Amino acid sequence: MPTPPRRQTENHVDLFEYQGKEFFAEYGMPISPGKIAFTVDEAVAAAEELGTPVMVKAQVHTGGRGKAGGVKFAPDMDAVREHATNILGLDIKGHIVGRVWVEKASDIAEEYYASFTLDRSAKKHLGMLSKEGGVEIETVAEENPDAIAKIWVDPVVGLSEQAVRDWVAAARLPEAAVEGSVDILQKLYTAYTDGDADLVEINPLILTPEGKVHVLDAKVTLDGSSEFRHPEYEQYDATQTRDEREAAAHEKGLQYVGLEGSVGVIANGAGLAMSTVDVVNQVGGKPANFLDIGGGANADVMAGALEVINNDPSVKAIFINIFGGITRGEEVAEGIIEAMKRVSIDSPIVVRLDGTNAQEGRDMLAPHLTDRLMMEPTMLSAAEKAVALAGN
Amino acid sequence: MSIFLDETTKVVYQGLTGSTGRYYGLLNREYGTQVVAGTHPKKAGTDVEGIPIYASVADAKEATGATASCVFVPPVAVKGAVMEAAEAGLELIVVITEGVPAHDEAWFYNKLKADYPSTRLLGPNCPGIISPGKANIGITAGHIAKAGGPVGVVSRSGTLTYQAVFELQQKDIGVTTSVGIGGDPVPGTSFIDCLEAFEADPETKAIMMIGEIGGSAEEEAADYIKSSVTKPVVSYVAGVTAPPGKKMGHAGAIVSGGKGTAAAKMDALRDAGVQVGLNPTEAGDLMADIVASL
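Read top to bottom, the protein sequences are chains A and B.
Just so you know, we're using this note's numbering here: the first sequence kicks off at 157 and counts up by one.
Just so you know, we're using this note's numbering here: the second sequence kicks off at 49 and counts up by one.
These are computed hints drawn from the structure, not numbers from a lab.
Fair warning: there could be bad hints in the mix.
Said to hold, decoys possible - Distance condition first, Cα-Cα at most 25 angstroms in a straight line; then the derived BS3-like pairs of lysine-lysine: (1) Lys194(B) <-> Lys161(B); (2) Lys375(A) <-> Lys442(A); (3) Lys159(B) <-> Lys306(A); (4) Lys280(A) <-> Lys194(B); (5) Lys343(A) <-> Lys159(B); (6) Lys368(A) <-> Lys228(A); (7) Lys375(A) <-> Lys228(A); (8) Lys306(A) <-> Lys343(A); (9) Lys280(A) <-> Lys249(A); (10) Lys159(B) <-> Lys279(A); (11) Lys497(A) <-> Lys408(A); (12) Lys223(A) <-> Lys249(A); (13) Lys223(A) <-> Lys375(A); (14) Lys194(B) <-> Lys159(B); (15) Lys368(A) <-> Lys343(A); (16) Lys306(A) <-> Lys408(A); (17) Lys279(A) <-> Lys182(B); (18) Lys368(A) <-> Lys306(A); (19) Lys191(A) <-> Lys375(A); (20) Lys541(A) <-> Lys497(A); (21) Lys279(A) <-> Lys253(B); (22) Lys191(A) <-> Lys223(A); (23) Lys343(A) <-> Lys280(A); (24) Lys219(B) <-> Lys58(B); (25) Lys306(A) <-> Lys274(B); (26) Lys191(A) <-> Lys343(A); (27) Lys274(B) <-> Lys279(A); (28) Lys375(A) <-> Lys279(A); (29) Lys219(B) <-> Lys253(B); (30) Lys280(A) <-> Lys219(B); (31) Lys127(B) <-> Lys182(B); (32) Lys541(A) <-> Lys127(B); (33) Lys280(A) <-> Lys127(B).
Quick caveat: nothing in here was measured; it's all calculated off a predicted structure.
In isolation and in its complexed conformation, chain B is listed as follows:
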């Protein structure tokens, strides 16, 4: 099994007619994802390489039975796109777009929670989600992940997600689902959401969690692991050696006042029984030992 995404998921791409949406939409289709529609308010009736374009997500859902959306629209349009997908009743909304204002993120996060509690939002500013061998939504290169489990991967960083699943592939270890939750201040899906889903997924036998400095998401995840996760967890936290007070790229990657440091996060994770690698390779080795002993 996999979490959130499998071969039955039908995906509509909001922004399929733009160069980026088109590129990844077609790549995702090539991977095997059911890419059933795109949307554009003025291009209904046209198509992108055979993928029909509808005026709205609601129209696309009605015509194709779409259950998920992938959002590639520019930052200015993300809030509207997310609400359009939620109002149409989709189950999963994956927002790849980077640079969405934090106030917009906080707004649609709370709006969805209140009015569309069964809709799962992933992102913004995330690489997407891949259930290897089944489906891929977003910008992850499909071939770097081996299908079939037993490891579930969740990460705040795009390239480190790739690094993690690639390290596993190099060791011939498969992945059930790899979820990139994104590094923005208000991610739609949290580490805890993914840990809960992996814990419930019978095919996932172990979990790889990649964090980074800043915020307190890793500490909260550690608390959750301690209380509610029985499967082995391996973790790596990027920014172990980052100097305090320096912002390193992501909005999420800020250390201030001794809070949110990698050391604090790693301590919390170790305290919860998590095996912590000091770099992605070490984390991969730790996971290989666990998988070998399963």
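Bound conformation, chain A alone:
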């Protein structure tokens, strides 16, 4: 049974700061010399090679590193050792720091903000530039929206140098920063489009006392759908942050998001899976996850999904919600029966099966029904049953 072409990767590929800087450097943007370190000794060695003063910066896929103590200035080697010791292993919003970027410290005269992303409403690329950099752009947007100069770029037309000059003028960057900014912003747009990025962000983009414009931080998210023309994306796969359950699901090509509850959810299609999470909540339960098995629910996919759910110790009941549009009911039934042979499932399963060949599927499941495998006629009644079985 053929299924429609499916995305095999996660949609978004997050880069660490240092990976983002290396990515920017390939497009000729000026970055500070630095080295990645996984241990305190490596950090010290990096600082010795670079020469102090340096910055020691936690590499995590989340913002707010500075506030959490993850970014420190080190004037000498003792400070490097001290900061690296404190930062490695630090928990920043649930992200444990496993590596630090040791970078030659820069003198800063002014801090700006620059980014490109896709504006889904305008259906064009959106560039944002502000002379109020160094803080969260959301804060600037709320408190002083006029401080952000925006430019919408039609991808067919592209971004001309004159448009960038007008944009920089609109952002009221000082004369000393104009040429350097125009150069960097053009390169940033090229990196954004050539690299198939969802987001490229420099915050801060700095002006040094010597009058040089320079990239001091880098946030880059790439579009995983474009991996087919970017073999270099593969290097970033190992550094994606996922919880253990999400990593296991990702290995099997399943779309999984871990939640806090006790009802394991398996559904076909992201919309129905979200809706299933909604309904479990609405009948008083707590979903343990969101899991979308996609279009073709064959035995392998279903077994994989059940295995992922089964390995989650907080799951007390499993709700399989399938609407066969593309997927045929008898295949789903076969998948569940086969999966239960392959994997020993600890929690009772409630199945709701509708759509294409649903009756055939229900007939196949009928002889297998026990107090471990139940069937319900509607999405709501199945949710109620699963929630009751989970005991909440």
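Assemble chain B onto chain A, guided by the hints.
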């Protein structure tokens, strides 16, 4: 009547010779759709179960009078396929393929808008469009929808589209056309395009709109409904209970910084006079009440 698609639409399948395109192309033909051609640059002159294959969309159009295309080619080839269909002068291009790079989508969306403004693009990453009893383009199982109206359906999610038309069928309510606009960042056809068409369609008496968290398409639709839609609208927004900051499968389904939440969308829709169900069943019940009172 129906919108965008009816029994006179002649469809060429780009990717008919692949296993997926073949499967759904034949199913669509079985449903009654005029499946007039397939394309493959190297297989011109052959056929798939009697459906002739041409080297290009232009050749297929010339030979068969095709007016629409259904695209099943892999993500890498979608941009080229869409442009080929637009250049051939087709009126409707339906892209089923999932996993098309967002930059490609933004590019061909704007290219079509500038150079081929009369071509309608639906998708990518959508289940397609079905005018029950008339024609079906894409991967929707035909039998789950009752023909004849009076409800028009538009949805961002594939399986929830099925759920919605099925809930209506269970209540013996028919559908004029069901459009799956897809959950990608740059859908060719928007909620608003569909609302406008349903508003103009005399057989559509009420509209079911299925949204989901992320983006602002539902809020924009709510504004449009307030200003320009006189027919009753029922809505459901998936992801009511999704925790902020979690991505749930679709590129479209992201909540961040309090924007794009289901609550914000439902408020905007209610404010526009839309009846909002908290789950698909409730939305179906709300629609049944409306249809009963028509």
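Status of each hint after checking the structure:
A hinted pair counts as satisfied when its Cα atoms are at most 25 angstroms apart, and Lys194(B) with Lys161(B) does not qualify at roughly 34 angstroms. Distance hint between Lys375(A) and Lys442(A) is unfulfilled; the C-alpha atoms sit about 34 angstroms from each other, more than 25 angstroms. For the hint linking Lys159(B) to Lys306(A), the alpha-carbon distance of about 22 angstroms falls within 25 angstroms, and the restraint holds. About 38 angstroms separates the Cα atoms of Lys280(A) and Lys194(B), which puts this hinted pair outside 25 angstroms; it is violated.
The suggested pairing of Lys343(A) with Lys159(B) holds, with an alpha-carbon distance near 23 angstroms, which does not exceed 25 angstroms. The suggested pairing of Lys368(A) with Lys228(A) holds, with an alpha-carbon distance near 23 angstroms, which does not exceed 25 angstroms. Annotation: proposed proximity of Lys375(A) to Lys228(A) holds, straight-line Cα distance about 18 angstroms (limit 25 angstroms). Restraint check for Lys306(A) and Lys343(A): satisfied, since their Cα atoms lie roughly 17 angstroms apart, inside the 25 angstroms limit.
Note on Lys280(A) and Lys249(A): the hinted pairing is violated, with a Cα-Cα distance of about 32 angstroms set against a maximum of 25 angstroms. The suggested pairing of Lys159(B) with Lys279(A) holds, with an alpha-carbon distance near 11 angstroms, which does not exceed 25 angstroms. At most 25 angstroms may separate the alpha-carbon atoms for a hinted pair to count; Lys497(A) and Lys408(A) meet this at roughly 19 angstroms. Between Lys223(A) and Lys249(A), the direct Cα distance comes to roughly 11 angstroms. Compliance with the 25 angstroms bound is thereby established for this hinted pair.
With a C-alpha separation of about 17 angstroms, the suggested pair Lys223(A) and Lys375(A) falls inside the 25 angstroms cut-off, and the hint holds. Straight-line distance between C-alpha atoms of Lys194(B) and Lys159(B) comes to about 36 angstroms, which puts the hinted pair past the 25 angstroms bound. Between Lys368(A) and Lys343(A) the CA atoms are separated by roughly 16 angstroms; this keeps the pair inside 25 angstroms, and the hint holds. With a C-alpha separation of about 41 angstroms, the suggested pair Lys306(A) and Lys408(A) falls outside the 25 angstroms cut-off, and the hint is violated.
Distance check on the hinted pair: Lys279(A) and Lys182(B) sit about 32 angstroms apart at the alpha-carbon level, beyond 25 angstroms; violated. Restraint check for Lys368(A) and Lys306(A): the C-alpha separation of about 23 angstroms stays at or below 25 angstroms, so the hint holds. Note on Lys191(A) and Lys375(A): the hinted pairing holds, with a Cα-Cα distance of about 17 angstroms set against a maximum of 25 angstroms. The hinted pair formed by Lys541(A) and Lys497(A) meets the criterion: a straight-line CA distance of about 23 angstroms does not exceed 25 angstroms.
With a C-alpha separation of about 31 angstroms, the suggested pairing of Lys279(A) with Lys253(B) is violated against the 25 angstroms cut-off. As the CA atoms of Lys191(A) and Lys223(A) are separated by approximately 22 angstroms, the hinted pair is consistent with the 25 angstroms bound. Using a Cα cut-off of 25 angstroms, the hinted pair Lys343(A) and Lys280(A) holds, with the two alpha carbons roughly 18 angstroms apart. Annotation: proposed proximity of Lys219(B) to Lys58(B) is violated, straight-line Cα distance about 32 angstroms (limit 25 angstroms).
For a cut-off of 25 angstroms, the pair hint linking Lys306(A) to Lys274(B) is broken: about 29 angstroms separates their Cα positions. Of the pairs offered as hints, the one joining Lys191(A) and Lys343(A) holds, with about 23 angstroms between alpha carbons and a cut-off of 25 angstroms not exceeded. A C-alpha spacing of about 23 angstroms is found between Lys274(B) and Lys279(A), which places the hinted pair at or below 25 angstroms, so the restraint holds. Among the hinted pairs, Lys375(A) with Lys279(A) is consistent with the structure: their alpha-carbon atoms are about 22 angstroms apart, no more than 25 angstroms.
Between Lys219(B) and Lys253(B), the direct Cα distance comes to roughly 16 angstroms. Compliance with the 25 angstroms bound is thereby established for this hinted pair. Distance check on the hinted pair: Lys280(A) and Lys219(B) sit about 42 angstroms apart at the alpha-carbon level, beyond 25 angstroms; violated. Of the pairs offered as hints, the one joining Lys127(B) and Lys182(B) is violated, with about 29 angstroms between alpha carbons and a cut-off of 25 angstroms exceeded. With a C-alpha separation of about 46 angstroms, the suggested pairing of Lys541(A) with Lys127(B) is violated against the 25 angstroms cut-off.
Of the pairs offered as hints, the one joining Lys280(A) and Lys127(B) holds, with about 17 angstroms between alpha carbons and a cut-off of 25 angstroms not exceeded.
Taken one by one, the earlier hints fail for this structure at numbers 1, 2, 4, 9, 14, 16, 17, 21, 24, 25, 30, 31 and 32, listed in ascending order.
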